[in-house]
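Participant: Chain by chain, the residues:
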Amino acid sequence: AQSVTQLGSHVSVSEGALVLLRCNYSSSVPPYLFWYVQYPNQGLQLLLKYTSAATLVKGINGFEAEFKKSETSFHLTKPSAHMSDAAEYFCAVSDYDQGGKLIFGQGTELSVKP
Amino acid sequence: DAGVTQSPTHLIKTRGQHVTLRCSPISGHKSVSWYQQVLGQGPQFIFQYYEKEERGRGNFPDRFSARQFPNYSSELNVNALLLGDSALYLCASSLATGSYEQYFGPGTRLTVT
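Sequence lines, in order, name chains U and G. Going by this note's numbering, the first sequence opens with residue 3, and the numbers climb by one from there. Going by this note's numbering, the second sequence opens with residue 1035, and the numbers climb by one from there.
Be a bit skeptical, because a hint or two may be false.
Claimed, not checked - Computed list of lysine to any residue pairs in SDA-like fashion (alpha-carbon distance at most 20 Å, straight line):
#, chain 1, residue 1, chain 2, residue 2
1, U, 51, G, 1130
2, G, 1064, U, 48
3, G, 1064, G, 1091
What the hints assert, rightly or not - Pulled a few chain G residues facing chain U out of the computed Cβ check, cut under 10 Å:
#, residue
4, 1082
5, 1132
6, 1138
Unchecked claim - Estimated spans, in silico, between C-beta atoms of each pair:
#, chain 1, residue 1, chain 2, residue 2, range
7, U, 108, G, 1042, 26 to 32 Å
8, G, 1096, U, 28, 26 to 32 Å
9, G, 1113, U, 84, 30 to 36 Å
10, U, 85, G, 1072, 24 to 30 Å
11, U, 71, G, 1048, 47 to 53 Å
12, G, 1050, U, 41, 29 to 35 Å
13, G, 1105, U, 111, 36 to 42 Å
14, G, 1045, U, 30, 36 to 42 Å
15, G, 1109, U, 55, 33 to 39 Å
Rather than coming from a laboratory, the hints here were simulated on the basis of the structure. All C-beta atoms, glycine included, are put in the ideal place defined by N, C-alpha and C.
Could you put together the complete structure from these sequences and hints?
Facilitator: Here it is as structure tokens:
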């Protein structure tokens, strides 16, 4: 069965600092991986998607993620944090054996200090 | 273009009651999925529908049911509400099943008292 583990339920960075949110996956087949962001009292917005075309995936708002098969990781990074990046971030794997349902991690809350 | 829409935004129900949540997908999308997000956790898959047929079901009791209409909109029904059903219910639409991106609506916040 596929699964996702997000390391760190809360990450705090200073404005302008590097953002690194960690995600490890478990999958018996090449996975499709996603990062979503959720602002308070809102739904989920897709940041980026990995589909095996390229190991480094660029997303919206300056975020990118690198797929590392040897480490079963798909960490999310942004070179310089902005106050508006404060939100909850979810890593997800697509279980395409079951129609592509998304299996989410527990989420990481990102705080950005001025 | 309009995104995924859900109604109502908020809902308060009493234990034992029934609730119906509604979702309209992005135009052109034929698949709708439902997720439950309990406070402090990641979303959990409930159902997926494609072309009006159920294509996937998560580990939820039979009190949960859903359907998809010819215009691809969808309803999620929950019977005999329990306190533990209090959550944000998210609807996501995609072009089809499989690896297509899923786009989420704003959710319906259900509170069961």
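Participant: Does each hint fit the structure? Answer for all of them.
Facilitator: Here's how the hints hold up against the structure:
1. 51(U) - 1130(G): holds, 16 Å
2. 1064(G) - 48(U): holds, 19 Å
3. 1064(G) - 1091(G): holds, 17 Å
4. 1082: With Cβ-Cβ at 5 Å, under 10 Å, it holds.
5. 1132: Holds. Min distance 5 Å.
6. 1138: holds, 4 Å
7. 108(U) - 1042(G): 26 to 32 Å: 27 Å Cβ-Cβ, so the 26 to 32 Å window holds.
8. 1096(G) - 28(U): 26 to 32 Å: holds, 29 Å
9. 1113(G) - 84(U): 30 to 36 Å: Given about 45 Å between the Cβ atoms, the range is violated.
10. 85(U) - 1072(G): 24 to 30 Å: Because 28 Å falls inside the window, the suggested range holds.
11. 71(U) - 1048(G): 47 to 53 Å: Given about 50 Å between the Cβ atoms, the range holds.
12. 1050(G) - 41(U): 29 to 35 Å: holds, 34 Å
13. 1105(G) - 111(U): 36 to 42 Å: Given a distance of about 37 Å, which is inside 36 to 42 Å, the answer is holds.
14. 1045(G) - 30(U): 36 to 42 Å: holds, 39 Å
15. 1109(G) - 55(U): 33 to 39 Å: 36 Å Cβ-Cβ, so the 33 to 39 Å window holds.
Checked against the numbered hints above, the structure violates only hint 9.
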